[in-house]
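Asker: If you follow the hints, you should be able to join the two separate chains into one complex; please do so.
Letter by letter, the chains look like this.
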Amino acid sequence: MKHQYDVVIVGAGLSGLRAAIELGEDTRTAIISKVFATRSHSGAAQGGIGAALGNEEEDHWKWHMFDTVKGSDYLGDQDAIEILTRDAPRTIYELEHMGVPFNRTSDGRIAQRAFGGHTSNFGKAPIKRACFAADRTGRVILDTLWEKCLQRGIDFFNEFQIMNLTVQDGQCCGVTAYELATGKLHHFHSKAVLLATGGAGKIYRTSSNAFASTGDGMAIAFRAGAALEDMEFVQFHPTGIYKLGILISEAVRGEGGVLRNSEGERFMERYAPTIKDLAPRDMVSRCILREIQSGRGIDGKDYVFLDLTHLGEEVISSKLAEISGFAQIYAGVDVTKEPIPVQPTCHYMMGGIATDTDSRVMIDDQDQTIAGLYAAGECACVSVHGANRLGCNSLLDVLVFGRRAGRAIRRYIHTIGLPSLSGNDPTGETAAQIAALLDNSGEERSSTIRTDMQAIMMDSVSVFRHRDALLKVMDKLRLLKERCRHISIQDKGHCFNRDLLDAMEVGYMLDLAEAITLGALSRDESRGAHYREDCPDRDDKHWLVHSLFRYAESEPPHFLTKPVKITEFEPQERKY
Amino acid sequence: MKSTFIIYRYDPDVDSEGHYQEYSLETGPTDKILDCLNRIRWEQDPTLAYRFSCAHGICGSDAMVINGRIELACQKLIRDFRTANNFVIEPLPLFNVIKDLVVDMNPFFEKHRHIRPYLISDTDAPERERLQEADNQGFVEPALRCILCASCTAACPISRANPDYFGPAALLRSFRYLFDSRDTATGSRLAQIDSSNGIWGCKTMWWCTDVCPKGIPVTKCLGQIKRLVKEKEKDRT
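Here the protein sequences line up with chains C and D, keeping their order.
Using the numbering used here, the first residue of the first sequence is number 1, and each one after it goes up by one.
Using the numbering used here, the first residue of the second sequence is number 1001, and each one after it goes up by one.
Worth flagging that the hints you see were computed from the coordinates, not collected in a lab.
A couple of the hints might just be wrong.
Said to hold, decoys possible - The calculated BS3-like cross-link candidates involving lysine-lysine, where the alpha carbons are at most 30 Å apart (straight line), are: (1) D:Lys-1203 to D:Lys-1226; (2) C:Lys-301 to D:Lys-1232; (3) D:Lys-1203 to D:Lys-1232; (4) D:Lys-1232 to D:Lys-1220; (5) C:Lys-184 to C:Lys-481; (6) C:Lys-62 to C:Lys-541; (7) D:Lys-1220 to C:Lys-148; (8) C:Lys-184 to C:Lys-492; (9) C:Lys-476 to C:Lys-562; (10) D:Lys-1203 to D:Lys-1220; (11) C:Lys-575 to C:Lys-565; (12) D:Lys-1226 to C:Lys-148; (13) C:Lys-243 to D:Lys-1002; (14) C:Lys-541 to C:Lys-124; (15) D:Lys-1232 to C:Lys-148.
Remember, predicted model here, so these are calculated numbers, not experimental data.
Next up, chain D with everything else stripped away, as it sits in the complex (with noise of 0.2 Å):
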């Protein structure tokens, strides 16, 4: 089957503003979407540039806009789209395009940062493992699947609407260390997201959920964050 790509073009050295440009391409079913702009890259248009290293959904490189949605381009096969033999790609919103599909993730990470999204413990650490119930670390699963690909604080308008907004990753990644047994910094955690950029700047409009690849119900692990604090809050009047 031909397939008419068109691809969001910018170059930082020649180009004063993004324009797009199409390829076409014959395809199959099974086909990613990923080895359609390799195949670009390769056969017709050296010059393109976007991120892609694992190819199966697990490093978080190939986020992007394709017809309009957020997706992984390692994870979406020709077939997934029912509709037509045109795709537009697009860079990811809300960040700045570096070149071509390449977008400056490093607000992104510097969110991530800012959290603290690491294990604190004011208990000294025993010979063998912490003890830790199964249903605890089950209950903070759904967390571990996140892969930094950023599809859904892009997908965010909160996070498009106020740039100072911690955005669902970074909360999620919270919820991840809040919720997890052995991590005692639960009050300062928790109080470093009670307010408007942080935890109740979720207005629980769903898109982060919707777009997440790795199918992480996102909103309702804010939720349960936002739950813990008013519980907090309670135990304290």
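Bound conformation, chain C alone (with noise of 0.2 Å):
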């Protein structure tokens, strides 16, 4: 089936509606996405967003940018950082104008709190920035953007699942993609393409990610043509629930709880004397694991608690609900009378596809772009987040620059008619790939593959690394993807066939996988969530530049590097 638009926007989470309302109600725009728009990732963001409103105390969109740079360990670009901050008062009242239900003040207005890596005066003190919805402030921006959307009579199609781009001259005119329910193909030829696919954080065993998340428009688009960026940093969030990876929001720390060890011990207070429990997550995250390589996880396992129990019922029932309500049902905890037992989980790549700050898709270490073809959101790298993302910059990051990118394509599609396109069956390509998935009669299963994929990265490629594992993993995942290759799919019905995904999925999440370990096996430094045992200090003299990654046929990436824009702040220890 053949489909016509000024725009396709490939994803239905907050970076790709908000570029969609952005478009506007006379450019012709299609929304799909794999899962129905309300059930996308960001729905699972928690704490909040950052913004220098100033509503609780003093605050500055520039001490909001120093904090997300050092935040970044320095690897930040200070441009587009600096549009971050300074657009996030507008962006939040943005919100609230659209009717976002926030949290308010005694006088009525939004209120905030503290989150990590957030402080007043250049590092000084932790500061209240986080605007914020009880704990499901991504769920309710993502209804009401949704539902700006449905007011606008936005077209969606949802339920479909994009295979490829469709790129003629460098130039892109289209996506196909397979409706599950039918299991048809579906061409849909446009002006511009917006990649608002989210992250890949399945790739890792645990995750705090959604089963959606792996990373497929990051993938189609690598192998594309498009340049990957700073793939090795990882972000593994301190407080997953042991076991499961469930998100307990950074806010439970911003309110006041503290994480422990087996002697009773408010550990952090060691670790970072000023700001304690509310340093960066990457930091947080190899605090635990230190605790827990010396012995102190509770019960001599590996895990620490997560003790809230002080904060008093009215604290935890009208801004921690959910979580104290995840606690409860996942691990048994009475979040008022008992710590949570809590261990780092994947949680968000900070690379992602390698774009302009609007969006524009680059190739390589050039500034070359593919006409037509934008990203934003996780699965963009602008690169706002650097080494390490700041908790509550992601909802800003996907709204500035979603915004950002609805603006870009729209003085794009003013300047070009849309693309004929060569050929009589641009999805003839897709169809044959799938045919071929289906005919394969190999021995394999898609999911023993990413259950030793997501082992294998867990293991070496998560918040410690090794050159010498590293080397090992290289290897290991090049197998994986010759095993892809005899994967055979069970179901051959038209209808939900979930197999299949899952074989295009895994295959997604391989390529994203060696791009990762290629990236922090070539990072001969630790920096922010990259963190090399075998070289623990950051080296600005050769490491101050972005990584790049360009997808070859069939054999591992090709790494490149890129300066790094410093503006404001010059790089400096990073200690907290």
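Answerer: What follows is the structure, encoded as structure tokens:
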């Protein structure tokens, strides 16, 4: 089936929805999404969205900018971080005007609370900067923007899986998608495509991410020639529920919760004397694992306690209701009486499709772009998060850069007509791919390959890394890719064929896992979330650069670097 | 522990009607029902279809009937079922089955769209935020927990009897905007739902509240709407 639009947005999370709203009612826009829009993973964001509103105490966007730069371990591009933090207050007011039901102060303004790595006066003390709606901030913003799109009458194609980008002569002019309910292929012919496909946290065994977070958009763009950037920087959130990885928001510590080891010690006081439990996520995750390695995990096991018993029922029920439910349901813990057992969980990809600050997709280190192709949100790397993202900067990122993507695309589509397509069947290549997959008669199942990949990546490419292990992982991933060629699809049907999609997803994740591992192996230093036990120091002389990855058909990706943009804050030692 | 899962199956490509298929699985007390379905799909039968995504009760994808009661498969653990180790799993009632446990939720979302689920204000937005009393935000807070899983509407006896009834989920969204002090469309919102297919369709049977996986007092919120309609009527006379 063929469709024509001005713009196709892939992904119905917050960056996709925000871009759609910005495109305006006179732009013919389609949003395609592998899950129904409100099931998007943006909805799982809990704690808040950062902006220097100053509603609770004095604050300035430049303080927010400094914290983000320092949080990124100086790898974030400062021109982009300036855009992010300067535009933050406007973004919050805009959300409020659309109807987002933020918690309020006693005088009726938007309430704010403390979050990791956010400080006053360039690092002096924790500051209340996170705007929130209890601990379901992402969910209420997602609902509000989705409902705004319903009001606008934007066309949603829910449960449509993107299969391929249509790129002709360096210009992107559409996508091919697979309709889950019917197994039919659809071609969306458009002037521009925005990838807003989210993260890839399912590459790891312990993950806070949804099943849908398999990096499809990143991998498809990568194969189509887009560069990936800074893939080795994978955020492990310090407080996932033990064994399950379900996220317990940093807001718990923002409201006063503390981490304790087996001796009952509030150990973050030792590692980050100024801001303690509100140190950034990369540091807290490492500290938890150091405590465990030193034998101070609870009962000698691989977890510590997150204690909020002293916060009182009022704070818990009005500001942390959702996570107290998770603790009760999944861990059997009443948070008003007992601490929650926690360990780090894979949470967020700082890396992604290389873009400029107008969301245009880059193909190399020379700022070359694919015309008509844009990316925003977690699937993109602008880069505002550098080597480590601060909590409550991702909701901000998706909204600020989702809007900028919408604006840039709007300008672009007015300069061109609908590109003509060569050939008469733009879905032909995809149909052949699917037929080949369905006909494959190997012995492998995608679920076992995925489980093996998740174990390998968790064991050797998570919080702590070492050159020797990384070298082995590169070989193991090659073997897994070879095994992928022998997956046989048991389900030959046309209706909700998850078996087919699972096989494609594991292929996407393996491509990304290889880039992550190659980056981790190449970068002989430790910075932000990338920690190499064999090179424990940051090395600004050689590695104050972004990593870039270019896809290669039957060999590991090619690795390049490009300079970091430094405008305001020269790199300093990162201490909290 | 060995558990038995008896699962409703229907494939439109081959079946003229639904049937049940039995699977056997080694389970632990903290396994979620969703984990069990995943393992059946990965290890035994890749053709089994159901919706899922976040796996911790936020995205709202996996409402289904487990042992006769509507639940989220990701929010129920084996240990929560203390009576038996066999599980009968069926699709949500009320909606047409597309395949196995996957139902057509379009009618549900159509009703949602119909109640105008967005802030309507006839005042110009200020430069900064609109002010709102913390108590007012707190009053609508229960409705903000809704994840659109459709459990309430699927459970509602009125919805089952009258396909034109808006249903508890859509009316709960009405509540969220009706009582938001920033919304100025109270009059037209009430006019839209002041009917037997609207708020008066609710006969206070509590099934919605009983099944809500987020613990929302749905019936109570709908009761607040009824009270508001009555108050406005009184104001007019």
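Asker: Tell me if the straight-line CA distance from Lys-1232 (chain D) to Lys-1220 (chain D) falls inside 30 Å.
Answerer: Answer holds: Lys-1232 (chain D) to Lys-1220 (chain D) is near 19 Å, not above 30 Å.
Asker: Taken at face value, is the distance from the CA of Lys-148 (chain C) to the CA of Lys-1220 (chain D) at most 30 Å?
Answerer: Cα-Cα ~27 Å, so holds.
Asker: Holds or violated: Lys-243 (chain C) with Lys-1002 (chain D), Cα cutoff 30 Å?
Answerer: With Cα atoms ~22 Å apart, Lys-243 (chain C) and Lys-1002 (chain D) stay inside 30 Å; holds.
Asker: Going straight from one Cα to the other, do Lys-1203 (chain D) and Lys-1226 (chain D) come out at no more than 30 Å?
Answerer: This hinted pair holds, its Cα atoms lying about 11 Å apart.
Asker: Keeping to a limit of 30 Å between CA atoms, is the pair of Lys-1203 (chain D) and Lys-1232 (chain D) held or broken?
Answerer: holds, 21 Å
Asker: Under the criterion that the straight-line Cα-Cα distance not exceed 30 Å, is the pair Lys-541 (chain C), Lys-124 (chain C) satisfied?
Answerer: holds, 28 Å
Asker: Going straight from one Cα to the other, do Lys-1203 (chain D) and Lys-1220 (chain D) come out at no more than 30 Å?
Answerer: This hinted pair holds, its Cα atoms lying about 12 Å apart.
Asker: Below or equal to 30 Å on CA atoms is what counts here, so check Lys-1232 (chain D) against Lys-148 (chain C).
Answerer: holds, 28 Å
Asker: Mind checking the alpha carbons of Lys-62 (chain C) and Lys-541 (chain C) for me, to see if they're no more than 30 Å apart?
Answerer: Distance ~26 Å between Lys-62 (chain C) and Lys-541 (chain C) Cα, so the pair holds.
Asker: Are the Cα atoms of Lys-301 (chain C) and Lys-1232 (chain D) separated by 30 Å or less?
Answerer: Between Lys-301 (chain C) and Lys-1232 (chain D) the Cα gap is close to 61 Å, so the pair fails against 30 Å, i.e. violated.
Asker: Take a quick look at whether Lys-1226 (chain D) and Lys-148 (chain C) sit within 30 Å of each other, Cα to Cα.
Answerer: With a Cα-Cα distance of about 26 Å, the restraint between Lys-1226 (chain D) and Lys-148 (chain C) holds, given a limit of 30 Å.
Asker: Does Lys-492 (chain C) sit within 30 Å of Lys-184 (chain C), going by the straight-line distance between their CA atoms?
Answerer: holds, 13 Å
Going through the hint list in order, the structure does not satisfy hint 2, though it satisfies all others.
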